[in-house]
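In the numbering used here, the protein residues as written are 629 to 1208.
Careful: at least some of the hints might be erroneous.
With a Cα cut of at most 30 Å, we get these calculated DSBU-like pairs of lysine-lysine [what the hints assert, rightly or not]:
hint : residue 1 : residue 2
1    : LYS810    : LYS655
2    : LYS971    : LYS958
3    : LYS1006   : LYS973
4    : LYS971    : LYS879
5    : LYS730    : LYS648
6    : LYS730    : LYS710
7    : LYS909    : LYS749
8    : LYS687    : LYS655
9    : LYS938    : LYS1045
10   : LYS938    : LYS954
11   : LYS1006   : LYS1019
12   : LYS1133   : LYS1088
13   : LYS1207   : LYS1178
14   : LYS645    : LYS687
15   : LYS982    : LYS1033
16   : LYS909    : LYS897
17   : LYS793    : LYS761
18   : LYS655    : LYS710
19   : LYS1178   : LYS730
20   : LYS959    : LYS909
21   : LYS749    : LYS648
22   : LYS769    : LYS938
23   : LYS761    : LYS897
24   : LYS909    : LYS954
25   : LYS648    : LYS710
26   : LYS1019   : LYS998
27   : LYS897    : LYS958
28   : LYS904    : LYS971
29   : LYS648    : LYS724
30   : LYS704    : LYS640
31   : LYS959    : LYS886
32   : LYS909    : LYS982
33   : LYS883    : LYS1006
34   : LYS749    : LYS730
Honestly, the hints are just simulated from the structure, not real lab data. Everything numeric in this text was worked out from a predicted model, so none of it was measured.
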Amino acid sequence: MNRDHTCGELRKSDAGKHVKLAGWVAKRRNLGSIVFIDLRDRYGITQITFDESHSDLVKDVRNEYVIEVEGTVSVKENPNPKLATGEIEVVAESCKVLSSAKTTPMIIADETDALEDLRLKYRYLDIRRNPIKDKLILRDKVTTIVRRVLHEDDFIEVETPILSKSTPEGARDYLVPSRLYKGRFYALPQSPQQYKQLLMIGGIDRYFQIARCFRDEDLRADRQPEFTQIDIEMSFADEEDIFAEVEKVMKAVFKETKGIEDLSFPRIKYVDAMDKYGSDKPDVRFGNEMCDVTSLFENSSFSVFANTIKDGGIIKALVFHNACDKLSRKKFDELTEFVKIYKAKAIAYLKYDKNEFSGSVNNALPENEKEALKDFLKLENGDVVMMIADKKAIAQVALGAVRKKVAEELGLIDKNKYAFAWITEFPMYEYSEEEGRYVSAHHPFTAPRDEDVDKLIDDKANCYSRAYDLVLNGYELLSGSVRIHNSEMQAKVFDALGLTKEQIKNKFGFFIEAFDYGAPPHCGVGIGIERLIMILSGTDNIKDVVAFPKTATAYDLMADAPSTVDQDQLDFLSLQIRKD
RNA sequence: GGUGCGUUAGCGAAGUUGGUUAUCGUGCCUCCCUGUCACGGAGGAGAUCACGGGUUCGAGUCCCGUACGCACCGCCA
């Protein structure tokens, strides 16, 4: 046995005990004939003291050496309040080097100077640091809570295949060439969607899985190519049942990890979320909802507004209180550039202070329209109004992005707040410019709203579904839907998506067939674990909560993956790499 | 696919209108030190300035390209 205690557990009450500790040398302080070593393991740090007669033992010991130490627990005269073990030290009698270490390329401490790419290359060193290690521990704690709560409610965990079948709708698949079937490919699952629905048909009425998912799409600060979902599906259930179950899980997680009990789960329809927040994942930790002020400017002499409306566009407005002094001309130049990212042409603003207007459109707008705006928005001194006149979709999204950015910069967001919202009744379809047709907004197994069944084929733009998201602090935490559970309806949706009978048979044949053998009504969700842990641990970087993450270009800097493979391997798979 | 920013000792950064020995902090090595806990003190080593090309008498600095990293838009059923 290399140790009988961890480096995080000894306290004053252990004084006098003879102990054996093992760990990494986090810091060596040599004061001449006395040497202090901070010994670190997963559980914490304990100071080891080598007095005059023992200091030679660690003469050649350096940072990050792995050592085993025996000694006696002793109470310190000057305790170190920064350490949980700070009231004691271990006075060493022996020291055995279990492993030596080269000088590390980065400082291993809570505050490291290393940039992210270096930390990814030496991820095993980065994981020794508390900020990363603690998040891995939190992640384990959360999945443990989730499993317990779901098990209490009779859900069972079932594993579904990683080697799966490519699906045409949605994200690009990661493909795995088959050796036994020349020219054929497995696909890694984007989610266990079809398998879990088949489990429902198989009578496993309450299923969950901590499921790894893969999507070959470009990355973001909150998106990795492989990620983990808490995947849940339940039969004989609808929105109310699944919302209740998810809320129960979230309440348990927040109570047991953060001590937070007063969570609420308001519901917002998708169209309202877009209207008020310009996003289907609104950050509702703060207000500043957007308003539609189009009607005030229909006959405006300000041609920019009037022409936008004439061309079918709208004018969205957003108010920030007491912000006149905080938002400079320069800031609005910056915001003008910012909204161009979202294809908006410009952002107009009016400041109302000391009962007078000023700002970019102050001269362009006639007095009566400014007064009307003031009444409509109930403006008070100090208010700043921002407006975007554009096509509806652009004005909403661009001003919604401004809402979030300015709120952050003005400090309107309470970082200690956790604001959930269910976003409901998503569109059934969205138009894909790229493909020139309507595609599923969620996925093709999503049920339409009862009242929209007759719009499935003929009025796709106005057809809404029983899909929902749970949003937390502006992140999409989960997605789900009530599923279609009869083959006629399913066939109708495939038809609406423009899939031919042959495509349906090839891609979904087994799935469709299953629905002919008695499918229960069912619904479910997939909760993004990484985003949940990000929010719980207060980081905006998904890489912080993944043990071995990939870069923004989906590269593993540590393992150097993806990599080329031997010709033999290609030959086995009957694959040839094109040289162009 | 697109936009922006970045790349200088092991690590993190500075480097002015282009100018001759590239600076600072930290880490590393050696020596001194019995109460430190970011120990302290003295000394030392350590750089093809990402790569390729160009402009120039002269490039870390200016220009073009490439690679890599980060963020964002598109994309992510």
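Hints, one by one, checked against the model:
1. LYS810 <-> LYS655: 56 Å, violated
2. LYS971 <-> LYS958: 20 Å, holds
3. LYS1006 <-> LYS973: 27 Å, holds
4. LYS971 <-> LYS879: 39 Å, violated
5. LYS730 <-> LYS648: It holds: about 25 Å lies between the C-alpha atoms, which stays within 30 Å.
6. LYS730 <-> LYS710: 28 Å, holds
7. LYS909 <-> LYS749: Since the Cα atoms of LYS909 and LYS749 sit roughly 33 Å apart, the hinted pair is violated (cutoff 30 Å).
8. LYS687 <-> LYS655: Within the cut-off at roughly 14 Å; holds.
9. LYS938 <-> LYS1045: 42 Å, violated
10. LYS938 <-> LYS954: 34 Å, violated
11. LYS1006 <-> LYS1019: The given pair, whose Cα atoms are some 25 Å apart, holds under the 30 Å limit.
12. LYS1133 <-> LYS1088: The given pair, whose Cα atoms are some 23 Å apart, holds under the 30 Å limit.
13. LYS1207 <-> LYS1178: Since the Cα atoms of LYS1207 and LYS1178 sit roughly 26 Å apart, the hinted pair holds (cutoff 30 Å).
14. LYS645 <-> LYS687: 25 Å, holds
15. LYS982 <-> LYS1033: With a Cα-Cα distance of about 26 Å, the restraint between LYS982 and LYS1033 holds, given a limit of 30 Å.
16. LYS909 <-> LYS897: 11 Å, holds
17. LYS793 <-> LYS761: 35 Å, violated
18. LYS655 <-> LYS710: Holds, because 15 Å separates the two Cα atoms, which is no more than 30 Å.
19. LYS1178 <-> LYS730: 25 Å, holds
20. LYS959 <-> LYS909: 25 Å, holds
21. LYS749 <-> LYS648: Outside the cut-off at roughly 33 Å; violated.
22. LYS769 <-> LYS938: 56 Å, violated
23. LYS761 <-> LYS897: 39 Å, violated
24. LYS909 <-> LYS954: Holds - the C-alpha atoms of LYS954 and LYS909 are around 27 Å apart, at most 30 Å.
25. LYS648 <-> LYS710: 23 Å, holds
26. LYS1019 <-> LYS998: 22 Å, holds
27. LYS897 <-> LYS958: 36 Å, violated
28. LYS904 <-> LYS971: With Cα atoms ~19 Å apart, LYS904 and LYS971 stay inside 30 Å; holds.
29. LYS648 <-> LYS724: Holds: LYS648 and LYS724 sit about 11 Å apart, inside 30 Å.
30. LYS704 <-> LYS640: Distance ~9 Å between LYS704 and LYS640 Cα, so the pair holds.
31. LYS959 <-> LYS886: Answer violated: LYS959 to LYS886 is near 37 Å, above 30 Å.
32. LYS909 <-> LYS982: Measuring from Cα to Cα gives roughly 36 Å; hence the hint is violated.
33. LYS883 <-> LYS1006: Since the Cα atoms of LYS883 and LYS1006 sit roughly 40 Å apart, the hinted pair is violated (cutoff 30 Å).
34. LYS749 <-> LYS730: With Cα atoms ~16 Å apart, LYS749 and LYS730 stay inside 30 Å; holds.
The structure is inconsistent with the numbered hints 1, 4, 7, 9, 10, 17, 21, 22, 23, 27, 31, 32, 33, although it conforms to all the rest.
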